[in-house]
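Visitor: One letter stands for each residue in the lines below.
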Amino acid sequence: MGILDSKVPKGPLADKWTQHKNDIDLVNPANKRNIDIIVVGTGLAGGSAAATLAELGYNVKTFCYQDSPRRAHSIAAQGGINASKNYQGDGDSDYRLFYDTIKGGDYRSREANVYRLAEVSGNIIDQCVAQGVPFAREYGGLLDNRSFGGVLVSRTFYAKGQTGQQLLLGAYSAMNRQIQRGKIRSYTRHEMLDLVKVDGKARGIIARNLVTGEIERHSAHAVVIASGGYGNLFFLSTYCMGANVMAAWRTHRRGAFFANPCFTQIHPTCIPVSGEHQSKLTLMSESLRNDGRIWVPKKLEDAKAIREGKLKPTELKEEDRDYYLERRYPAFGNLVPRDVASRAAKERCDAGYGVNKTGEAVYLDFAAAIKRYGTEKAYTSGIKDPDADTVRQLGEEIIEAKYGNLFQMYEKIVDQNPYKTPMMIYPAVHYTMGGLWVDYNLQTTVPGCYSVGESNFSDHGANRLGASALMQGLADGYFVLPYTIGDYLSDDIRTGKIPTDSPEFEEAEKHVTERINKLMSGKGLHSVDYYHKKLGKIMWDKCGMSRNEKGLKEAIKEIAALRKDFWENVKVTGEANSKNQELEKAGRVADFLEIGELFAKDALERKESCGGHFREEYQTPEGEALRDDKNFKYVAAWEYKGEPKDAKLHKEDLVYENIELKTRSYK
Amino acid sequence: MTKLIQSSIARKVVMALSGIFLVLFLALHFTINFTSVISPDTFNEFSHFMGYNPVVQFLMQPILIAGVVIHFVMGIILEIQNNRARGVKYVQFKGSANAPWVSRNMIYSGAVVLAFLGLHFYDFWLHEMAFKYVEVNPEDPTRYYAETVEKFAPIWRTVLYVISFGLLSLHLWHGFASSFQTMGLNNKYTPAIVNFTKIYAVAIPLGFAFIALYHHFNPIIH
Amino acid sequence: MKIYLKIWRQKDAASKGKMVDYTMEGIEGDMSFLEMLDILNEELITKGEEPIEFDHDCREGICGTCSLQINGRPHGPDTMITACQLHMRSFNDGDTITIEPFRAKAFPVIKDLIIDRTAFDRIQQAGGFISVNTSGHTIDANSIPIEKEKADDSFYAAACIGCGACVAACKNASAMLFTSAKVSQFALLPQGRVEATDRVLNMVRQMDIEGFGNCTNTGACEVECPKGISLENIARMNREYLSASLKG
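Listed in order, the protein sequences are those of chains F, P and Z. Residues in the first sequence are numbered from 1 upward in steps of one, following my numbering. Residues in the second sequence are numbered from 1001 upward in steps of one, following my numbering. Residues in the third sequence are numbered from 2001 upward in steps of one, following my numbering.
It should be emphasised that the hints constitute simulated quantities derived from the structure, not laboratory data. Treat the hints with caution; some may be incorrect.
Unchecked claim - Okay, the calculated bits of chain Z under chain F, using three or more residues with CB under 8 Å as the criterion:
1. 2084-2090
2. 2229-2237
Unchecked claim - Computed cross-link-like contacts, PhoX-like style, restricted to lysine-lysine with a CA-CA straight-line distance of at most 20 Å:
3. 1188/P <-> 2016/Z
4. 2016/Z <-> 2148/Z
5. 2047/Z <-> 160/F
6. 585/F <-> 2148/Z
7. 641/F <-> 651/F
8. 16/F <-> 32/F
9. 518/F <-> 537/F
10. 1198/P <-> 2011/Z
11. 2105/Z <-> 402/F
12. 160/F <-> 2150/Z
13. 533/F <-> 497/F
14. 1094/P <-> 2150/Z
15. 2047/Z <-> 571/F
16. 2150/Z <-> 1089/P
17. 648/F <-> 633/F
18. 2047/Z <-> 523/F
19. 32/F <-> 299/F
20. 537/F <-> 497/F
21. 2047/Z <-> 1089/P
22. 1198/P <-> 1188/P
23. 564/F <-> 651/F
24. 585/F <-> 357/F
25. 1094/P <-> 2011/Z
26. 648/F <-> 183/F
27. 317/F <-> 183/F
28. 2011/Z <-> 1188/P
29. 2247/Z <-> 1188/P
30. 564/F <-> 518/F
31. 1089/P <-> 2148/Z
32. 2047/Z <-> 585/F
Idealized CB from N, CA, C, for every residue including glycine.
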């Protein structure tokens, strides 16, 4: 186990969390008033944590780079949030949610954490309803559920296609209540640039006011990192443009271990890249795969003709189409998990069957569903022998009721009518399972520094199931961290206010200022985006959906060289002491250039295929992922040692006492 | 008044209530005026009643004047505040893309109606006040029809009146329906209510214009 | 296509701004409007000029960060979308496009096209919440059935992304649509009724303090709202406010 102590409590799985809550130290309400906590990031995890901590009586300061806490990218989650409420009476339970999550994560997550997640999931729904989150309801007035991501029960709660937004607004409203009470001070348009440690403990941060450019010192008794994932290092992703790894990476550089950086989720149904100008990718909800059939042409010459615009997909005969997911995975068909679907699309496109002008797109076809629904509707409406047009019209109406807003969004972006011609989709980077290593209490390896939500290495192992990100963010923020942080803070009731004029703050601020000055004084050959795009290309080509030793070794070299070039030649316009978006971007890209290398190193080290991590060398003869539980059933936690190439690996062995390790099969 | 001005919604409610009151008054005014087209005697009777009944004169009339004053004073206050709410103006603002002209120019249609009210007060109300309280003439229950016809003899006045009625129509077109929204009424009956207000907004000013034109042309024809 | 741009440039809050002309060539219809600005910025950086700063984040129409007045309309000529969802195919070769920040006294310009919308946050802080503790030990989520129709209406009100297009479109820079959407979301739910009186009074008071204009029911906000928030919400808030005032 080395120096990593996961602090998982003893006892039976189902009792661990309750027992732990009984055992840990608490801070009495009068003393909480004397304790300050900094929360960096105000998405689902950060926002809910800040609100709850303030409610308990702590003095909370929140930081976000956006102009309002409400804009965090949690807002973009469409599908829903899982909870083991078993409202549908279909046999769901905490254990089943726990089991599905561990299995979906390809057996690379910690049992006790995941069980706790399942255990508190029901409370999240109670909490959100009490806050006024307008979940979808049935005609009887009770909450509606839908099924998601190929699991066997209906446990996903949703608010049309905007579940993330509604949940975030719930957390934001809870924050607002505390801001109004003076218990939270919200610093918007602020970015954390460094973590300050005093006597080995996290005691504050250095932040930049993004409007004035001022460098500010903020002290606290504990620091919570809730800054989301690092998927933007791929340049093109479904992340928001501002998403970055700075807070987490700066924390890593100050001693927090970074776990499983190579575990990235690539979502199969995104709108394909349309050209060089592309700045970001748009996700189409996974729910589309319930009714859409994925295919590419069977013959290379047809694919070529389609790419050149000489042939329309609707003109292609049924026998000339290759429904490759149905062919390869007859049992699950189009509903295989995200990692499997993504890889299969890449495989077809790499073989030359891609269908858009860049050759990187496959079809998601609703014609069959339209026909099926239309026929059914005609039948139930009493129309005998309906003609093709009537069927089509009725079918389109049903598809519109189910996916209308997604179809409209697609048409806006691609300028094609997905009711008449198949959609084009391609995988895109969507979520990072890796992140700051945390113990059962969500504490990083730096005492007093915690991490919640996507920014920690989380409960999702090597692959996240749909509708689980929202669940984890809120579970961490509302129900886990507020308890566990008290255990640490109970030693701090007599500490008093942390001064910001100590040598440690001095040093951290100096470090930050020097870094900014260095960024501003590049030779000015290339813009920040130039480097970001180059990094993105290396990552996508060599550390993307499938990886191999040769590519990863090249990636490590290329990223290191690019980083050197960046620091010498980057061009940052404007001034450091005013609003400067180029400087903001430069700081973020600088960190991406470091984590990118660690990412590749981690992927190189993990000589197996599991979940989102597919090593070409480790696959079955049929091309499926080959996991190696004997040698790699561990969390890879990296310690910062200067350059990313020098990072030191620590292994946290994963122990499975309640679940039997199996090979995932979707055949 | 100061307390009312403190809340934007209260200010709006004052606008809506005084507006609805004036709309109702218009209906009454129109009904009486229209009798002048049908029967000069009935018109004289109504006018005399309105001019000499103490309840009308000393209770209703001040309320009406207050209603008019509140409506236009509040309208001006709102306009000033609304102007201030956008310190730096747009270089390009395409209001026509998202809101009808009438709704965006209530201040102008209102200002024209207000100016018209000045003329109208000068023509009839001041005349009445002078007749009754300054010159202290004896009561004459038959004078009103002839006086009205005489007022519309000059073409310029008739034209001014007709133009003003046009702008009154525009003002009502937005204002009448809008007052229901301000009072919080927006439900399944709203389309019907809106249709009614639009008919009203056209019919009443059109009727007034007809009366003015009638009294201008009737003596010429006969 | 060739596009002529007129863009508002302003160094900081204290400086005076002005419109500056730019010409762009080789613009494709598949580009999003913001990608067109990205390209312009790359060109400016190459020339050593300061790029144009504008707010944007999710680029998929949900975060509400982008705030551009394009050709005199918030989020540009298309309805039901935000500026980040607008594509260049909505324009023609040779078009002149003016880009300004959303303008209101309550939304001061920070730099170029970036504005300060914290006024919206303060309105929400005044009462845009339900006062329940986040302990999770509330009643079971299904213990209060809520009429589907009301729950749906509440959702449609809650769909507001807080972008400020309503204020930008309103000739009076009124924030009634924004405020009423939040008031409505809670007013329609039994959980929210408990504090309904204080909520509407406090939120409207804060809205007025921020210096937004008065609503004159032009309906521009509803037309320009990228999420289609209905004017019915404003009527509902008026109703709530009147009854709250009479009670209190």
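Visitor: If a hint holds in the structure, say so; if it does not, say that too.
Guide: Going down the list of hints, with the structure as the test:
1. Only when three residues or more bring their CB closer than 8 Å to a CB of chain F does the claim for the segment 2084-2090 of chain Z stand; here the count is 3, and the claim holds.
2. For the segment 2229-2237 of chain Z, the stated coverage by chain F is violated: 0 residues have a C-beta nearer than 8 Å to a C-beta of that chain, whereas at least 3 were required.
3. The suggested pairing of residue 1188/P with residue 2016/Z is violated, with an alpha-carbon distance near 48 Å, which exceeds 20 Å.
4. This hinted pair does not check out: residue 2016/Z and residue 2148/Z have alpha carbons roughly 51 Å apart, beyond 20 Å.
5. Between residue 2047/Z and residue 160/F the CA atoms are separated by roughly 46 Å; this puts the pair beyond 20 Å, and the hint is violated.
6. At most 20 Å may separate the alpha-carbon atoms for a hinted pair to count; residue 585/F and residue 2148/Z exceed this at roughly 45 Å.
7. At most 20 Å may separate the alpha-carbon atoms for a hinted pair to count; residue 641/F and residue 651/F meet this at roughly 16 Å.
8. For the hint linking residue 16/F to residue 32/F, the alpha-carbon distance of about 26 Å lies beyond 20 Å, and the restraint is violated.
9. Restraint check: the Cα-Cα separation between residue 518/F and residue 537/F comes to about 25 Å, which exceeds 20 Å; the hinted pair is violated.
10. Distance restraint check for residue 1198/P and residue 2011/Z: the Cα-Cα separation of roughly 48 Å exceeds the 20 Å cut-off, and the hinted pair is therefore not satisfied.
11. Restraint check for residue 2105/Z and residue 402/F: the C-alpha separation of about 42 Å exceeds 20 Å, so the hint is violated.
12. Note on residue 160/F and residue 2150/Z: the hinted pairing holds, with a Cα-Cα distance of about 14 Å set against a maximum of 20 Å.
13. Using a Cα cut-off of 20 Å, the hinted pair residue 533/F and residue 497/F is violated, with the two alpha carbons roughly 44 Å apart.
14. Using a Cα cut-off of 20 Å, the hinted pair residue 1094/P and residue 2150/Z is violated, with the two alpha carbons roughly 35 Å apart.
15. Restraint check: the Cα-Cα separation between residue 2047/Z and residue 571/F comes to about 11 Å, which is no more than 20 Å; the hinted pair holds.
16. Taken as a hint, the residue 2150/Z and residue 1089/P pair is broken in the structure, with Cα atoms around 39 Å apart against an allowance of 20 Å.
17. The hinted pair formed by residue 648/F and residue 633/F meets the criterion: a straight-line CA distance of about 18 Å does not exceed 20 Å.
18. Restraint check for residue 2047/Z and residue 523/F: the C-alpha separation of about 14 Å stays at or below 20 Å, so the hint holds.
19. A C-alpha spacing of about 69 Å is found between residue 32/F and residue 299/F, which places the hinted pair above 20 Å, so the restraint is violated.
20. Restraint check: the Cα-Cα separation between residue 537/F and residue 497/F comes to about 47 Å, which exceeds 20 Å; the hinted pair is violated.
21. Of the pairs offered as hints, the one joining residue 2047/Z and residue 1089/P is violated, with about 31 Å between alpha carbons and a cut-off of 20 Å exceeded.
22. Only pairs whose Cα atoms come within 20 Å are accepted, and residue 1198/P paired with residue 1188/P is accepted, the gap being roughly 17 Å.
23. In summary, the hint linking residue 564/F to residue 651/F is not supported, as the alpha carbons are separated by about 30 Å, beyond the 20 Å threshold.
24. Restraint check: the Cα-Cα separation between residue 585/F and residue 357/F comes to about 31 Å, which exceeds 20 Å; the hinted pair is violated.
25. Taking the CA atoms of residue 1094/P and residue 2011/Z, the gap is near 26 Å; set against the 20 Å cutoff, the hint is violated.
26. The suggested pairing of residue 648/F with residue 183/F is violated, with an alpha-carbon distance near 40 Å, which exceeds 20 Å.
27. Between the alpha carbons of residue 317/F and residue 183/F the distance comes to roughly 65 Å, so the proposed pair goes past 20 Å and is violated.
28. For the hint linking residue 2011/Z to residue 1188/P, the alpha-carbon distance of about 50 Å lies beyond 20 Å, and the restraint is violated.
29. Restraint check: the Cα-Cα separation between residue 2247/Z and residue 1188/P comes to about 27 Å, which exceeds 20 Å; the hinted pair is violated.
30. Of the supplied pair hints, the one linking residue 564/F and residue 518/F holds, its CA atoms being roughly 13 Å apart against a limit of 20 Å.
31. Between residue 1089/P and residue 2148/Z the CA atoms are separated by roughly 43 Å; this puts the pair beyond 20 Å, and the hint is violated.
32. Pair hint residue 2047/Z plus residue 585/F holds up; C-alpha atoms about 19 Å apart against a cutoff of 20 Å.
Figure legend: structure checked against the earlier numbered hints; hints not met, in rising order: 2, 3, 4, 5, 6, 8, 9, 10, 11, 13, 14, 16, 19, 20, 21, 23, 24, 25, 26, 27, 28, 29, 31.
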